[in-house]
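**Student:** Please model the complete structure; the sequences and the hints are all you need to start from.
Numbering (the UniProt record's numbering), first residue to last: 1 to 296.
Hints listed in this document are in silico derivations from the structure and should not be mistaken for laboratory results. Errors might be hidden in some of the hints.
Taking lysine to aspartate or glutamate and the EDC-like style, the derived pairs with C-alpha atoms no more than 20 Å apart in a straight line are [unchecked claim]:
1) Lys-166 <-> Asp-211
2) Lys-81 <-> Asp-240
3) Lys-81 <-> Asp-99
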Amino acid sequence: MKTKVVIIGGGPAGLSASLYLSRAGIHHIVLEKGEFGGNILEAINIRNYPGIKEISGRKFIENLRAQLNEFNIDFIRTTVKEIKKKDRSFIISTKRQGDIESEKIIIATGSRPVEGDIFIHNYVNTSFCALCDGNNFKGKDISVIGAGNNGVDSAIYLSNIVNSVKVFTDKDKADADIYSYEKAKSIKNIEFYFNYRARDIYEDRIEFDTDKGKEIVKTHGVFIYTGFKPNTEIFKGLIDMEDGYILVDNNEMTNVEGIYAAGDCTRHSKGQLITSISQGASAAISVGKVFRKCIN
Numbered sequence: 001m002k003t004k005v006v007i008i009g010g011g012p013a014g015l016s017a018s019l020y021l022s023r024a025g026i027h028h029i030v031l032e033k034g035e036f037g038g039n040i041l042e043a044i045n046i047r048n049y050p051g052i053k054e055i056s057g058r059k060f061i062e063n064l065r066a067q068l069n070e071f072n073i074d075f076i077r078t079t080v081k082e083i084k085k086k087d088r089s090f091i092i093s094t095k096r097q098g099d100i101e102s103e104k105i106i107i108a109t110g111s112r113p114v115e116g117d118i119f120i121h122n123y124v125n126t127s128f129c130a131l132c133d134g135n136n137f138k139g140k141d142i143s144v145i146g147a148g149n150n151g152v153d154s155a156i157y158l159s160n161i162v163n164s165v166k167v168f169t170d171k172d173k174a175d176a177d178i179y180s181y182e183k184a185k186s187i188k189n190i191e192f193y194f195n196y197r198a199r200d201i202y203e204d205r206i207e208f209d210t211d212k213g214k215e216i217v218k219t220h221g222v223f224i225y226t227g228f229k230p231n232t233e234i235f236k237g238l239i240d241m242e243d244g245y246i247l248v249d250n251n252e253m254t255n256v257e258g259i260y261a262a263g264d265c266t267r268h269s270k271g272q273l274i275t276s277i278s279q280g281a282s283a284a285i286s287v288g289k290v291f292r293k294c295i296n
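**Tutor:** In structure tokens form, the structure reads like this:
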């Protein structure tokens, strides 16, 4: 199979790149090993995307996919195993689709949630997605680790399902925007705990380091929102990276001519939906210029 461009990753950056390539008439294939949409599918409320007052991550992706349905795009569910240079093109080896030859590549593999320095002894009652697993804890007392937007929005969502929510952060204040934080504070069954550094998670308890020493908190379940790690292991040795994040220039191109990257897998990612969309578009525009196409 041959194509002009292969987009690896079907999250916001990859789908944005696909839209711009489609409008330019550049044939391409989008490869995604999981569900098209990526981490944003788990976003309960998006309130900071210009022009949209409020929308769930899943609905946002549904709208974007509907827009893409106007074009004849090959969306393929498969895992990329290896990438090799071949003359002026690349060979992308996949698990289910075999080898694909492409002139250009846009990497948009995103990132995945991680537990950081927390040691999880038992994953039975531990989750990274309130939207996915919240109903499993109906009427229970649960804990959220992390007070950024994801953690606080998840606490708000869970407050309607569980008996109580305790939100812990290792900082002296919440990182969430003031709107989400004030809303969470106004909900009676949500409590915030600051300067609590989670160290160990067991099936029924969390062990914290606090300013007053070690503290054990009993809980029926834990939702972790402590950060993300880029999905870039497969590209090690192929392109330049820093701490696992792909390095790109102002045109979203890596140090290897013909390979571009966009979204949360890149070093200059801001971890925001709008920047992932923007970088995906930027990468596609750069590719389009190489092919001497005009993207409107």
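**Student:** None of the hints should be skipped; say for each whether it holds.
**Tutor:** Hint check:
1. Lys-166 <-> Asp-211: holds (18 Å)
2. Lys-81 <-> Asp-240: OK: Lys-81 and Asp-240 at ~18 Å, within 20 Å.
3. Lys-81 <-> Asp-99: holds (10 Å)
The structure fails none of the hints (numbered hints given earlier).
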